[in-house]
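2 protein chains.
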Amino acid sequence: MSEDDNPTAAMLAIGDELLSGRTKDKNIGHLAEAMTLIGIGLKEVRIVADDEAAIVEAVNALRERYTYVFTSGGIGGTHDDITADSVSAAFGLPCIYNDEAMRRLAAHYERRGIDFNGSRQRMARMPEGASLIDNPVSTAPGFVIGNVHVMAGVPSIFEAMLDNVIPTLKGGAPLVSKIVECPFGEGDIAARLGEIQKAHPKTSIGSYPRFSAEGFRTQLVIRARAEADAEAAAADIRAMLEAMPGA
Amino acid sequence: MSEDDNPTAAMLAIGDELLSGRTKDKNIGHLAEAMTLIGIGLKEVRIVADDEAAIVEAVNALRERYTYVFTSGGIGGTHDDITADSVSAAFGLPCIYNDEAMRRLAAHYERRGIDFNGSRQRMARMPEGASLIDNPVSTAPGFVIGNVHVMAGVPSIFEAMLDNVIPTLKGGAPLVSKIVECPFGEGDIAARLGEIQKAHPKTSIGSYPRFSAEGFRTQLVIRARAEADAEAAAADIRAMLEAMPGA
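Order-wise, the sequence lines are chains V and H. If you use the UniProt record's numbering, the first sequence corresponds to residues 1 to 247, in order. If you use the UniProt record's numbering, the second sequence corresponds to residues 1 to 247, in order.
No false leads were slipped in.
Pairs count within a copy or across copies, as identical chains cannot be separated in the list.
Okay, derived cross-link-like pairs now, DMTMM-like style, lysine to aspartate or glutamate, Cα gap no bigger than 20 Å in a straight line:
1. K24 - E159
2. K198 - D85
3. K202 - D51
4. K24 - D51
5. K198 - D51
It is worth saying that the hints were derived from the structure and are not from the lab.
All chains should be built: construct the whole structure from the sequences, respecting the hints.
Printed below as a string of structure tokens:
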């Protein structure tokens, strides 16, 4: 595929629990699918611990390099939720109590008859100048500062926040994707497939082997910006498979 | 938890399919659990595309910083499998056909009556001086160069390779982990929990909120090197919960 001039994205998943194996991340795959759908190229993902230096370094590395950065995790009200402070530090901004977030949280807890104490107020903290990302699940908002979108780690909330963020992003052309099932192992097709890839530079051809009771099979995935480009490569691949001995 | 003097690890998952959402990674969570079990601290994970520059940069960043690096993906025989070349480039080493890997693969394909063609021979390529990681599933080996362990992306093969790697690693003291289920939301306990964390610096206390039909609940996870440290913190947490209004 020729060099991408579409917007790019990176994700930073934050949390000790992801690195200890206690929690299996579900947000990376969800973001990946969402970005692909709207034509934004997810280029890199990092997972780091609840560690300010690690978060600051990753946020600054990624926000310089990609159009959009999305973070998950660490925006609750406990001592291990340090994402707001860390992102503020990455931007060199004070971490303040956002007025609108305070108003929303105060109203939320008042309706439920729950004390809006200091820990809960912590969830209104974010870098000065940030704008809010609505949280229809549990009120405590995410926030956007610069090109960095800070969202919750709980998957249902991450997904709801992302739904609110997506309309604000400048998407690119979505990728067209075609799948050709190949009843041979990779080793039978790799040389010819490499030639087909070279002949179709506007496509990206992925080859994904599987091992099953029926033996080796391979799924071939052709991605391109334009339907015609993907179809031309898929046609060459189908012709290759029909010409295989034993096909 | 006081500064970790145990070995550290990072993972680099390689593959366009992980970033497009086509494939949901399963290897990160598996590695995380395995490292926790043997007392090696997984500190960072990155996911990058099948892109040599991106792989080289990530390998070099991670191998300088952590005791062990583990990669997944991109070691098959097709044009999009560029991990061996990229890791060789990261180390400034030629990427050669490893004799022992060639011997194993040749024997494997001979037994199965399959042509050991150029594409299949590609799977024997690795940096000069690398040692092999056995692959009991499909023969094509992974490899170790320096502190970097290069393994397959297919989860069953990644797991089998990791089983072969683990006895070669110098593990640390495994973490003891205690779970206390908390029938309150994070906001009710955060302030006191932060004090307990400060009083138990040899532990790391994680707080993981859940939303369910019964309302807000929180799982508290205490990790420490020593059983006594974890238990002391857990006891303080239980006492806190018993003293809560409504408990």
